[in-house]
Amino acid sequence: MTSGLVVVVLAFGYLALLFLIAAWGDRRAALGRSLIGSPTVYALSIAVYCTAWTFYGSVGRAAQFGPSFLLIYLGPTLAMLMAPFVIGKMVRIASAQRITSIADFISARYGKSSSLGALVALIALVGITPYIALQLKAITVSHAVLVNYPQAADLPLADERFWSDRSFWVALVLAVFIILFGTRHLDASERHEGMVAAIAFESLVKLVAFLAVGVFTVLVLFNGPADLFAQVGERAELTRLLSLEAVPGGALGWVGMLALAFLAFFTLPRQFQVLVVENVDERHIKRAGWLFPLYLLVINLFVIPIALAGLLLGGGDSDSFVLTLPLSAGLEALPLLVFIGGLSAATGMMIVETIALSTMVSNQLVMPLLLRSNRLHLSTRGELAGWLLGIRRVSILLILLLGYLYHALIGETYSLVTIGLVSFAAASQFAPALLIGLYWRGARRRGAALGMSAGFLVWAWTLLIPGFAQSGWLDPGFLAQGPWGIDWLRPYALFGLEGWDIYTHSLLWSLVANVGLLVGVSLFTRPSALEQTQAALFTEAMPPGLVPTSLWQGQTTRGELRALLDRYLGEATSRRVFAHPAGEADETEDDDQPASAALSLRAEQALAGSLGSASARVLIDSVARGEAPDLESILRILDTTSETLEMNRRLEQKSSELARASEELRAANERLRELDRLKDEFVAMVSHELRTPLTSIRAFAEILRDNQALPDEKREHFLDVVVRESQRLSRLIEEILDLARLESGRLTLDPKRLDLVALTRQSVDAVQRLQEDRGVTLEVEITPETAWVIGDADRLEQVTINLLDNAGKFAADDDPRVLLRLARHKKHYRLAVEDNGPGIAEGERERVFEKFHQIQHQESGETRGRPRGSGLGLPISRGIVAHLGGRLWIEEASRLGGACLVMELPEAPAEAPSLGKEAGKEAGEEADETPESKPGGRPDGA
Amino acid sequence: MNAPRRKERLVALIVLAALLFSPPLVLIAAPSADGISRLVPYVFLAWGAVIGLMAWLMERRDED
Chain B
1 MTSGLVVVVL AFGYLALLFL IAAWGDRRAA LGRSLIGSPT VYALSIAVYC TAWTFYGSVG
61 RAAQFGPSFL LIYLGPTLAM LMAPFVIGKM VRIASAQRIT SIADFISARY GKSSSLGALV
121 ALIALVGITP YIALQLKAIT VSHAVLVNYP QAADLPLADE RFWSDRSFWV ALVLAVFIIL
181 FGTRHLDASE RHEGMVAAIA FESLVKLVAF LAVGVFTVLV LFNGPADLFA QVGERAELTR
241 LLSLEAVPGG ALGWVGMLAL AFLAFFTLPR QFQVLVVENV DERHIKRAGW LFPLYLLVIN
301 LFVIPIALAG LLLGGGDSDS FVLTLPLSAG LEALPLLVFI GGLSAATGMM IVETIALSTM
361 VSNQLVMPLL LRSNRLHLST RGELAGWLLG IRRVSILLIL LLGYLYHALI GETYSLVTIG
421 LVSFAAASQF APALLIGLYW RGARRRGAAL GMSAGFLVWA WTLLIPGFAQ SGWLDPGFLA
481 QGPWGIDWLR PYALFGLEGW DIYTHSLLWS LVANVGLLVG VSLFTRPSAL EQTQAALFTE
541 AMPPGLVPTS LWQGQTTRGE LRALLDRYLG EATSRRVFAH PAGEADETED DDQPASAALS
601 LRAEQALAGS LGSASARVLI DSVARGEAPD LESILRILDT TSETLEMNRR LEQKSSELAR
661 ASEELRAANE RLRELDRLKD EFVAMVSHEL RTPLTSIRAF AEILRDNQAL PDEKREHFLD
721 VVVRESQRLS RLIEEILDLA RLESGRLTLD PKRLDLVALT RQSVDAVQRL QEDRGVTLEV
781 EITPETAWVI GDADRLEQVT INLLDNAGKF AADDDPRVLL RLARHKKHYR LAVEDNGPGI
841 AEGERERVFE KFHQIQHQES GETRGRPRGS GLGLPISRGI VAHLGGRLWI EEASRLGGAC
901 LVMELPEAPA EAPSLGKEAG KEAGEEADET PESKPGGRPD GA
Chain F
1 MNAPRRKERL VALIVLAALL FSPPLVLIAA PSADGISRLV PYVFLAWGAV IGLMAWLMER
61 RDED
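Heads up: the protein sequence lines correspond to chains B and F, in order.
Going by UniProt numbering, the letters in the first sequence line up with residues 1 to 942, in that order.
Going by UniProt numbering, the letters in the second sequence line up with residues 1 to 64, in that order.
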């Protein structure tokens, strides 16, 4: 039980402290040593998100719906992760365009439309003012709890005179505070430094107060968390609170609430105010990106313990557990601290929200009306700056009084108690226009206006009006039966969608209507020129800075512009605007000269900072003479330019494609020439090769014809030569024919299952003598017992002999050695023939397989005295091996150091299938399967 | 490669957080054998992890 006087003194003392802090902050700002130019203060000011509804209501919500309260803070955590992208972009745009509020932002995005701005302001006013009332109610109730404990706190407000209600006076003091610190500058886009400092301070106070209760509850009322949860574990109705069952709507309700809090975090006017308008440095967002979520986590840490403790220790109103727990323990100071914490949560929210709303009301609702009615234009040179501030101050007062009125008249009703999430849902209606407009250039004003209106109507029907009915102001019958008995119009089950929790349900339908209309209508409307420019600027499709200056062609004089600024912003501001950049040398001082584009833009921005962009545009247009700047044609030029750029890009692409193609052609041409050269060489080679044996045959034949008297011995020798040369000739012709057949694909092979081991031995036997004659040492290493492959025996023998022959030719001159190895390698058989010759350079290896390649090669090798080949052996061998599904290549010889030619053939599949096929064939065929059988013999007939 | 790399990491973190905070994983975390749901400790742990990653990502210098 605390005396009422102490509480009152403490509360107003606390408010006085806020005044001091704010005044100090403003002074420091004026001295140029800002208190708040730190990312931590920025993060703390964002914590204005945690209102009295968090401070008292989270515990109440946890006591009723379990963990669902956490979603209201997980949503903003997700949002803050995206802050470097989304908020950063909004901050850049807002500072470039001198945006004053979310209504101004949306209005500016859609072509500085004053009607759209007014719509946003109206929705905010309807949706958010009751939320302010809720804060006042929290102050009244917490005060009553504190003073009346242990009696029941809820005395009906109607019994009290308003002047004895503390919250009335709190509201008045706050009005003074906000008027003093929130409307210091005419320029609403400038930071309210003192106010932000006070808000950051309040965020600290509420955090400390809440943590104090939490620690007290867990450590003093209970013996630590383990004790608390052990006691909870014995009560089934309490453990249920910790599970997902307690969340309204289950998993679906979970997602809905997460989305709701996520969207509302961007679009609640007070959040937009602290996140975007009051941001001085975009880099602060980085720190706030994790510090603010951390704040949320910490302030929520003790919510569940407090709720459970309150329920364990006897209950009462769960919304007041934060106060009643320390009160029940007989403490004096802690409840006061809690009360101050709640007060700071409530006042922080009211201050920022009221500034945001009053800026919207004055700039989006009142000023456009006054401008339209021409009343302001009639009044002559008098400064109208005072008017603007006056309007804003009056609206501050009105908004707070309206909040108080709500609280006093309907404070106990269902509508007010649930307004927290209801106003979240209202604010979410700005999200499509805001977020989609930020990234999709095609979003149009009409789509945004229709979408937002439809979303608002659905919201009203599914949340606001049912709330009225539940408060008893309407017959609640339509909730169950639908209006006029129309079943599918039931507010909580629209179109028959039943079983959802009301917030997810409302969010779904309102966003479907909102986004659907925004996208649908935007796709079928043409934008005005200004809207097109703004859309491009907001979506960053155009480089900033370039367009605004070049789009505005001054058609007014400097004098008129100066008069306009004098009238609305005061002479000091207008002097600043006119004096602004030192670099612009061409600016004249003559008031009769037309105003430059840059000057007009500066003037419009200065006006926008105070009046909002829509009104600023109206005013500038009012002094612009004749046609407004021909934005249409400029945009057309821009469009043409971008088309040209696009064409240019495509041309570049084409030309690079062409370059590539011609490069390929060149390469192909070179290859063709090379082939042509090879063909010529081939023909030359063939003629040469054919002529050499022919010449010697003819020579010896002539000798034999002309010298009948030759000794028999000599004659024998000459005939031998003739025979050998004829053989060589026919071999050469055979090879050329083979090559021709290979190249034309007419080579007929007779692939059969055969044993490569046997075949290899046979080939070795065939060349052994010859090699010995040449002095070549031939070693053979055959690892497998058998090596079944599919091949043409004659041809494979030809290849093997060719390889051995080749190796013999290229082996070293002294002690020539050749090594043949046959081994199995991964389902293949490899036959490698090595020599100890000079080897073949890496780059030369593939060329060896070209026809007659060795012609050039051999010119130096001619001296070796060993028979030379035609240069056709390897190409033919490779062709044959390739036909049989194998490969033939050259590598470094691993043992002898020269070249190593490797032939690889796939292992033949198991013989079972082919056995079945030949079952009916003649006997004796099984001989083919044995290694001894002659490979060239008659294998199976597959 | 500093700025784009951080952007990519931040996008990955956003996706991770969205996954951690939404039903499939939340439903898996929710039930428990001894009668007390593990939902709340799970949420706080996931939340703290996300904040920690974000702090690491935002506060490290742009060198890499």
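Treat the hints with care, since some could be wrong.
What the hints assert, rightly or not - Beta-carbon label-pair distances, calculated as ranges:
1) F:Glu-59 with B:Leu-17: 28 to 34 Å
2) F:Leu-16 with B:Arg-576: 34 to 40 Å
3) B:Arg-92 with F:Glu-59: 55 to 61 Å
As the list claims (entries may be wrong) - Only pairs whose alpha carbons sit at most 27 Å apart, straight line, appear in this in silico BS3-like list of lysine-lysine:
4) B:Lys-286 with F:Lys-7
5) B:Lys-89 with F:Lys-7
6) B:Lys-89 with B:Lys-286
Said to hold, decoys possible - One side of the interface only, derived from the structure: several residues of chain B facing chain F at Cβ under 8 Å:
7) Leu-74
8) Val-86
9) Gly-249
10) Ala-251
11) Leu-258
12) Arg-287
13) Gly-289
14) Trp-290
15) Val-298
16) Ile-304
17) Leu-601
18) Leu-710
19) Lys-714
20) Leu-747
21) Leu-749
Calculated from the structure, these hints are not laboratory results.
Beta carbons are placed, not taken as given, at the ideal position from N, Cα and C, and that holds for glycine.
Hint by hint, here is what the structure shows:
1. F:Glu-59 with B:Leu-17: 28 to 34 Å: holds, 32 Å
2. F:Leu-16 with B:Arg-576: 34 to 40 Å: Cβ of Leu-16 (chain F) to Cβ of Arg-576 (chain B): about 48 Å, so the range 34 to 40 Å is violated.
3. B:Arg-92 with F:Glu-59: 55 to 61 Å: violated, 22 Å
4. B:Lys-286 with F:Lys-7: The given pair, whose Cα atoms are some 12 Å apart, holds under the 27 Å limit.
5. B:Lys-89 with F:Lys-7: holds, 14 Å
6. B:Lys-89 with B:Lys-286: The given pair, whose Cα atoms are some 13 Å apart, holds under the 27 Å limit.
7. Leu-74: Constraint on Leu-74 (chain B) satisfied, holds at 5 Å.
8. Val-86: This interface hint is violated because 11 Å lies over the 8 Å limit.
9. Gly-249: violated, 11 Å
10. Ala-251: For Ala-251 (chain B), the interface hint holds, since the closest Cβ of chain F sits about 4 Å away, which is under 8 Å.
11. Leu-258: holds, 6 Å
12. Arg-287: With Cβ-Cβ at 7 Å, under 8 Å, it holds.
13. Gly-289: holds, 5 Å
14. Trp-290: Given a least distance of 4 Å, the restraint on Trp-290 (chain B) holds.
15. Val-298: violated, 10 Å
16. Ile-304: Status holds, d = 6 Å.
17. Leu-601: violated, 30 Å
18. Leu-710: Given a least distance of 89 Å, the restraint on Leu-710 (chain B) is violated.
19. Lys-714: violated, 86 Å
20. Leu-747: violated, 56 Å
21. Leu-749: violated, 57 Å
When each numbered hint is compared with the structure, violations occur for hints 2, 3, 8, 9, 15, 17, 18, 19, 20 and 21.
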